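Asks: Letter by letter, the chains look like this.
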Amino acid sequence: KAGVTQTPRYLIKTRGQQVTLSCSPISGHRSVSWYQQTPGQGLQFLFEYFSETQRNKGNFPGRFSGRQFSNSRSEMNVSTLELGDSALYLCASSSRDSGGVSSQYFGPGTRLTVL
Amino acid sequence: SQELEQSPQSLIVQEGKNLTINCTSSKTLYGLYWYKQKYGEGLIFLMMLQKGGEEKSHEKITAKLDEKKQQSSLHITASQPSHAGIYLCGASPGGFKTIFGAGTRLFVKA
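Chains as they are written, first to last, in my numbering: chain A, 1 to 115; chain B, 116 to 225.
A couple of the hints might just be wrong.
Unchecked claim - Example chain A residues on the side facing chain B (calculated, C-beta under 8 Å, incomplete):
(1) Ser33
(2) Leu43
(3) Glu52
(4) Asn56
(5) Gly58
(6) Phe60
(7) Phe106
(8) Pro108
(9) Arg111
To be verified - Result set (DSBU-like, lysine-lysine): computed pairs, CA atoms no more than 30 Å apart in a straight line:
(10) Lys57(A) with Lys175(B)
(11) Lys166(B) with Lys183(B)
(12) Lys179(B) with Lys13(A)
(13) Lys142(B) with Lys57(A)
(14) Lys166(B) with Lys13(A)
(15) Lys224(B) with Lys142(B)
(16) Lys151(B) with Lys57(A)
Hints were generated in silico from the structure; no laboratory data involved.
Bear in mind that the values here come from a model prediction, so they are computed numbers and not experimental data.
Using N, Cα and C, we set each Cβ at its ideal position, and we do this for glycine too.
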């Protein structure tokens, strides 16, 4: 099976712009989660989607949004970019249908730099 | 809210030596994941532990879950340069989210 893919791998934007990141999960996985990783805050949960529905959201401002399509591919959008949004954005997919423990598989990440 | 604390924060070992990384939860652990990350890259799934006392191995890496202590340990035997990276533990506190520890940076001297 192909792994989780994320595009683009690298992105440079300026403050005030918006950005859209894409994630294609492992075939058959319907759960997609997004995380932000920074040196200062570590790995933080953004949101999780399952069958096109957002099931949980982390403590991030409304500028961070996401969606999931019927083929389970997911996008996240960050509007009005700030310098502090510079980070590695990771997407993970899992076969987790209900709450509980299930393995998550991560993509290579998108490195976003905001100038 | 649940938090995961990893120790040590960083570790430098000589190639061939054994080492242990710990992950302690502030609340009851119902399951724990271990991941490895090469600097600036995605996370590689190592193993998942679900039951107290469970122990799993992946090549020269062994992890154990101690539910009573709310702790998991990751042990690497005969470390190699390929083991270098950041090791992260994660847990699902419920609500379809996963939280992670801050990570342990492992350096292996050849």
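Asks: Look at each hint and say if it fits the structure.
Replies: Hint by hint, here is what the structure shows:
1. A cut of 8 Å between beta carbons decides the hint on Ser33(A): the least distance to chain B is about 7 Å, and the hint holds.
2. For Leu43(A), the suggested interface contact is upheld, since its CB lies about 4 Å from the closest CB of chain B, less than 8 Å.
3. Interface hint status for Glu52(A): violated, as the beta-carbon distance to the closest one in chain B is roughly 14 Å, over 8 Å.
4. Below 8 Å, beta-carbon pairs count as interface contacts, and Asn56(A) has one with chain B at about 5 Å; its hint therefore holds.
5. The interface hint given for Gly58(A) is met, as the beta carbon of that residue sits about 7 Å from the closest beta carbon of chain B, less than 8 Å.
6. The interface hint given for Phe60(A) is broken, as the beta carbon of that residue sits about 12 Å from the closest beta carbon of chain B, more than 8 Å.
7. For Phe106(A), the shortest C-beta to C-beta distance to chain B is roughly 4 Å, which falls under 8 Å, so the interface hint holds.
8. Because the beta carbon of Pro108(A) sits about 4 Å from the nearest beta carbon in chain B, less than 8 Å, this interface hint is met.
9. Given hint, Arg111(A) at the interface with chain B, holds; its Cβ is 7 Å from that chain's nearest Cβ, closer than 8 Å.
10. Restraint check for Lys57(A) and Lys175(B): the C-alpha separation of about 36 Å exceeds 30 Å, so the hint is violated.
11. Distance hint between Lys166(B) and Lys183(B) is fulfilled; the C-alpha atoms sit about 11 Å from each other, no more than 30 Å.
12. Distance restraint check for Lys179(B) and Lys13(A): the Cα-Cα separation of roughly 43 Å exceeds the 30 Å cut-off, and the hinted pair is therefore not satisfied.
13. Restraint check for Lys142(B) and Lys57(A): the C-alpha separation of about 21 Å stays at or below 30 Å, so the hint holds.
14. A threshold of 30 Å between alpha carbons decides the hint, and for Lys166(B) with Lys13(A) the separation of about 45 Å lies outside it, so the pair is violated.
15. Taken as a hint, the Lys224(B) and Lys142(B) pair is broken in the structure, with Cα atoms around 35 Å apart against an allowance of 30 Å.
16. Annotation: proposed proximity of Lys151(B) to Lys57(A) holds, straight-line Cα distance about 25 Å (limit 30 Å).
Hints 3, 6, 10, 12, 14, 15 from the earlier list are contradicted by this structure; the remaining hints agree with it.
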